[in-house]
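Engineer: From first to last, the protein sequence lines stand for chains A and B. Using our numbering, you'd call the opening residue of the first sequence number 127 and step up by one each time. Using our numbering, you'd call the opening residue of the second sequence number 864 and step up by one each time.
These are calculated hints, taken from the structure and not from any lab test. Note that this is a predicted model, so its numbers are computed, not measured. A hint or two may mislead.
Stated by the list, open to error - Derived DSSO-like pairs (lysine-lysine); straight-line CA-CA distance at most 30 angstroms: (1) 164/A - 1080/B; (2) 936/B - 140/A; (3) 1043/B - 164/A; (4) 247/A - 1043/B; (5) 890/B - 247/A; (6) 140/A - 933/B; (7) 936/B - 1043/B; (8) 1043/B - 140/A.
To be verified - Here are the computed distance ranges between Cβ atoms for each label pair: (9) 191/A - 873/B: 38 to 46 angstroms; (10) 933/B - 209/A: 21 to 29 angstroms; (11) 950/B - 191/A: 20 to 28 angstroms; (12) 1112/B - 244/A: 53 to 61 angstroms; (13) 210/A - 1192/B: 47 to 55 angstroms; (14) 168/A - 890/B: 27 to 35 angstroms; (15) 142/A - 867/B: 50 to 58 angstroms; (16) 247/A - 1077/B: 44 to 52 angstroms; (17) 1175/B - 167/A: 45 to 53 angstroms; (18) 171/A - 1194/B: 22 to 30 angstroms; (19) 168/A - 1195/B: 36 to 44 angstroms; (20) 167/A - 1163/B: 41 to 49 angstroms; (21) 131/A - 997/B: 27 to 35 angstroms.
Glycine included, every Cβ here is placed at the ideal spot set by N, Cα and C.
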Amino acid sequence: MQSESHVLWWNAFKQGDWDAFTALYGEFYELLNNYGRKFTRDEDLVHDVVHDLFVRIWTTRQRLGQPVSVKNYLYKAFRSTLFRKIQSLSKFVELDGEGGSFSVNFIPDASFRQEEQELRKQVIDMVNTLPARQQEIIFLRFYEGMSYEEISGIMDINMSSTYKLLYKALDNLQKASNKRTWLLISCLFFLLKNFSKKIPIPEG
Amino acid sequence: MNNDKYLDYSLQDFLDDDAFIKWVSGKEQDAVAAQFWSEFPVLYPAAAANFEFAASVIRSYRSQEFWDNKDNKARVLERITATIENHGARPARMRWLNNWVRAAAIALVVTAGGYMIVNHYFRSHMEQIATGYGEMRTVTLPDHSTVTLNASSAISFNEEWSDKKPREVWVEGEAYFDVKHISRTGPGQQFIVHSNGISIEVLGTSFNVRSRHGRTKVGLITGKIKVDYNKNRSLVMLPGDYVEYADNKLSVTRKLDQPEKIKRWTEIQLTFTDATLGEIIETLQDNYGYTVKVTDASLRKLKIEGDINVTNVEELLTVITTTLNVTIDHPYKKELVITSGK
C-alpha cells in the first residue's frame, strides 16, 4: 500500500539516520501543511505543530513501532498534536467545537468544461454546508483517496460518534431542496452512511 | 478484476469503492489497476454514466487549493534541527539541507556533464541544491545571505565558510542573490559567484544571475559588483546595469529602467515584460521542461507588449492565445504545438 522508500526511510530513521529523517520531512512536509491549513488559518500554528511533531518522533524514535502506513501514522500524529495545541490556545480564543473548524479553499475559477461547471458549483455549495468533521471525512476520502478504515484510524472515530455525525449530516442535507442537488446529497449521504457501516464497533 | 458486480454499479457503489476512490484521486500506483479503471466505461457501458458522474463529483471537489507552504520548508527544518541539537539528541555531523533535493541534484549533475561532476565529487563538503521543473526555492547560505533559485537551476557551495577564504557559490541556471555585508577584513569578506565562465565579486548587494544555453546575464539591483571574465578582463557594475556574457565576450550592456523587475520571478512564478513568444517558449522549456513546436519560425518574433504576471503555465497559455493570433495545441502532457491563426 505504501511506497517502499517510506518503509526504508522509516527503518533507517529509527536507527538514528538523520538523512532518512530529513527525507521523511521532505516527503511529508507539504502534505502535512496542506492538511493542517484546513483546520486553521494560522500559519505559525501549523509550523509549530510540524516542528513539535518531527522533534517528538526524532526524540522518541526508538520507541516507535512499524506503522502499516507511514503517511497515515504522521497524519494521525499531526492531527492529535494540532488538536492539543488548539485546545491549549482555546483558553484564550473561542473555537467552534472540538478540534476547531475544517474548511477547504476551492480554486475560484478552475477551468472546467461548461457542463461540469454547474455540478462543480453544487458540490462546493454542498460541501460548504457540512460541519467540520464531515468535511474532514470527505477531504480524506475524495482528496487523499483513503479507504474507510484509514480514515477511521486517522480521525479516531468509532461507530457511535459516526452515527452522530450522520444524523447531523442528514439534518443539514434536508435543508437543501433542488432536485439535482438531491442526487448529490444522496451520494454524500450514502458515503457517510457506509462509512459508519464499515467501521467495526470497538469492544466496550 | 473482471467482475459481474460492475455490470449495474450504482453511483453509490462507486463512491463506496475504495479502489475506485484511490484511482480517481490519483493515488493508484498499480498499472494494471489503473488501466482497469481507465477502460471501465468501455468494459461496462451500462455503468458508464454512473462512473462518469462519480468521477466528476470527485474531480469537482478536488479543484481546491493545495497549500504547500514551500517558502517555510527550510526554515521549519532549521528550527527542528536547532531544537533537537539543544536536546543533544542529534548525531554530531551530518548534512541536512539537501536531502529531499538529492534526486533533482543527481539528475542535474548528469545533464550538466563533467564540470558539475568535478564539483560534486572533488570539492570537500559541498552543499548542492537544485530545483526541478516548475520549482523554486530560497536557500540560506552559511553567512545568512540568501539565494532564491528559479526552476531547473542549481547552486553549490562549501558547507562551512571560514574568514580565511572568500565566500564562493557556483550557479547553474537562474538565481537571485541577497548578500549580507560582513564587516571584517581579509579574504572572508569577499563574496564570489561563479557562473559559466565568469566570476562576480560582491560587497553587500542584491543581484540576479541567469545562465542558460551558454549565455550568462547579470543584473544588479543594489550595491556594487565586479564581473571578472576571460581571466584578466573585468567590469564594475552599478545598480541598474545589465550585462550579458556569451562566447567569451561581454556582449550586451544596458541600463535597466526598473532594476527591481529582474527579480520579479522570485515572487511570481511566470513573469515577462515586453516578451517575444520566443522568450516565453524558452522559459517554458528551461523552467518547466516543455517541448514546444512552432509551425512557423516567424511566430517566435511575435511580441506581447507590457507585463505578464501569472502563477502557472495554464494561465500563461491563456494570455498568449488571447493576445496573439495563435492557436496552442496540447497533444501530450509536456508538449505544445503553436500554430498561426485561430
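Engineer: Could you tell me which of the numbered hints above are not met by this structure, giving the numbers in increasing order?
Structural biologist: 1, 3, 4, 8, 17, 18 and 21
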